[in-house]
Amino acid sequence: RKEVEQDPGPFNVPEGATVAFNCTYSNSASQSFFWYRQDCRKEPKLLMSVYSSGNEDGRFTAQLNRASQYISLLIRDSKLSDSATYLCVVNSGRTGNQFYFGTGTSLTVIP
Amino acid sequence: DAGVIQSPRHEVTEMGQEVTLRCKPISGHNSLFWYRQTMMRGLELLIYFNNNVPIDDSGMPEDRFSAKMPNASFSTLKIQPSEPRDSAVYFCASSLAGGPPANEQFFGPGTRLTVL
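For the record, the sequence lines run as chains U and A.
For the first sequence, our numbering begins at 141 and goes up steadily by one.
For the second sequence, our numbering begins at 1446 and goes up steadily by one.
The following block holds chain A by itself, in its conformation from the complex (with noise of 0.2 angstroms):
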């Protein structure tokens, strides 16, 4: 198995610039979670999918960012304007939905997002 894929791996971006994260979850999970770390904050979950449609997202910070996820296999997470503060780097994690230990979650390599 693949694992879960993100891309890209790294983004470089200047502030105002729309940014557009990828993540293609395990083929067969039914949840879908991003999340954004820095040193500062941790691990915060922004926004997560059970059978692609959006359950919570009350950790997304503001309007500026979005997220979608149109079949199973793929979604995306927008941010747009990007800002400075938006730097960190943003995982995806896909599991399987139900009683432990189904529901471990496996995270992507990450996309490390830094805008000037």
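With the rest of the complex left out, here is chain U (with noise of 0.2 angstroms):
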């Protein structure tokens, strides 16, 4: 079973809509969550962190669910430049400093 699993969509949505990406993970020890951005041919930046009780930065929330083991991405009000691959991020090594990386969701939005 793979550490860290998203469904790789894609999610083509309307400008203005909102959108939800799920994340499940497997090793119930894991300590830190994560969201980045990758833009096409770019490489992956910091989106958020997740903390316990839920975050939000501007259109963006993120939140953990620690029992069912899943993240999830709450996109507000989407604008064109939402428009990359999300990937899901999780520290779970034993020396609490590897990360596993979600082989992303893609997500157009459309004018």
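Source of the hints: derived by calculation from the structure; they are not laboratory data.
On a predicted model such as this, the values are computed, not experimentally measured, just so you know.
Quick reminder that beta carbons are idealized off the backbone N, C-alpha and C, glycines included.
Errors might be hidden in some of the hints.
Unchecked claim - Computed spacing ranges between beta-carbons, pair by pair:
(1) U:LEU186 - A:PRO1506: 24 to 30 angstroms
(2) U:ARG206 - A:GLY1448: 28 to 34 angstroms
(3) U:GLU196 - A:SER1472: 27 to 33 angstroms
(4) U:GLN209 - A:GLU1507: 30 to 36 angstroms
(5) U:LYS182 - A:SER1503: 26 to 32 angstroms
(6) A:GLY1448 - U:THR248: 26 to 32 angstroms
(7) A:GLU1489 - U:PRO251: 31 to 37 angstroms
(8) A:PRO1499 - U:ASP217: 42 to 48 angstroms
(9) A:PRO1526 - U:LYS182: 25 to 31 angstroms
(10) A:PRO1526 - U:ARG199: 45 to 51 angstroms
(11) U:ASP217 - A:PRO1506: 40 to 46 angstroms
(12) A:SER1472 - U:ASN205: 35 to 41 angstroms
(13) A:GLN1462 - U:GLY194: 47 to 53 angstroms
Combine both chains into one complex, guided by the hints.
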């Protein structure tokens, strides 16, 4: 079983729509959780960390459900510039510093 | 800050040749990671270093791959001999090991490797 699993999509949504991505992880001892964004032919960049209580950054909301071992990302009022691949990332290494990346969910926001 | 620096940005080589990819992490970061990304397999961790010491190299595909970190500001990933199936984008990332949020990883721009 993969450490981190995501629905690859693609998600094609109109501007202004709300879209949600989910991700599940297999190691219940995982400690840190992140969403990264990767634009085409670019490197992944941190979008936001995911905290136990849930956190919001503008139009983006991340939530963690430890009991069910899933992480979610909600994007409200989608913009064309949100089009990218969103990677779910879990830190569950023995040394606490090994990241496992999901294969990513592709989002295209349509005018 | 210049961010993570990788070179070369693009490499085209013939099967059997040696390939060396280079990475300079962000100054002050003590962890360095090498990843490989392909359409089929996504982003895979190859190896990571803590304070210049290799911690986990279980992701290194086979003996043809080797990585070194002679000092805190430089690392190499070498493939010898290269094969067409090694064609991928290779990313280097660095972080400051410790509790969150300190262990955010910062990625370099990647090296796009094509082995003919």
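Do the hints match the structure? See the list:
1. U:LEU186 - A:PRO1506: 24 to 30 angstroms: Given range 24 to 30 angstroms: holds, Cβ gap about 27 angstroms.
2. U:ARG206 - A:GLY1448: 28 to 34 angstroms: About 33 angstroms separates the Cβ atoms of ARG206 (chain U) and GLY1448 (chain A), which means 28 to 34 angstroms holds.
3. U:GLU196 - A:SER1472: 27 to 33 angstroms: Given about 32 angstroms between the Cβ atoms, the range holds.
4. U:GLN209 - A:GLU1507: 30 to 36 angstroms: 32 angstroms, holds
5. U:LYS182 - A:SER1503: 26 to 32 angstroms: 27 angstroms, holds
6. A:GLY1448 - U:THR248: 26 to 32 angstroms: Since the Cβ atoms of GLY1448 (chain A) and THR248 (chain U) sit about 27 angstroms apart, the hinted range of 26 to 32 angstroms holds.
7. A:GLU1489 - U:PRO251: 31 to 37 angstroms: 35 angstroms, holds
8. A:PRO1499 - U:ASP217: 42 to 48 angstroms: 45 angstroms, holds
9. A:PRO1526 - U:LYS182: 25 to 31 angstroms: With Cβ atoms ~30 angstroms apart, the hint holds.
10. A:PRO1526 - U:ARG199: 45 to 51 angstroms: Taking Cβ atoms as reference, PRO1526 (chain A) and ARG199 (chain U) lie about 48 angstroms apart, which means the hint holds.
11. U:ASP217 - A:PRO1506: 40 to 46 angstroms: Given range 40 to 46 angstroms: holds, Cβ gap about 43 angstroms.
12. A:SER1472 - U:ASN205: 35 to 41 angstroms: The hinted range 35 to 41 angstroms holds for SER1472 (chain A) and ASN205 (chain U), with Cβ atoms some 37 angstroms apart.
13. A:GLN1462 - U:GLY194: 47 to 53 angstroms: 50 angstroms, holds
Consistency note: the structure conflicts with none of the earlier hints.
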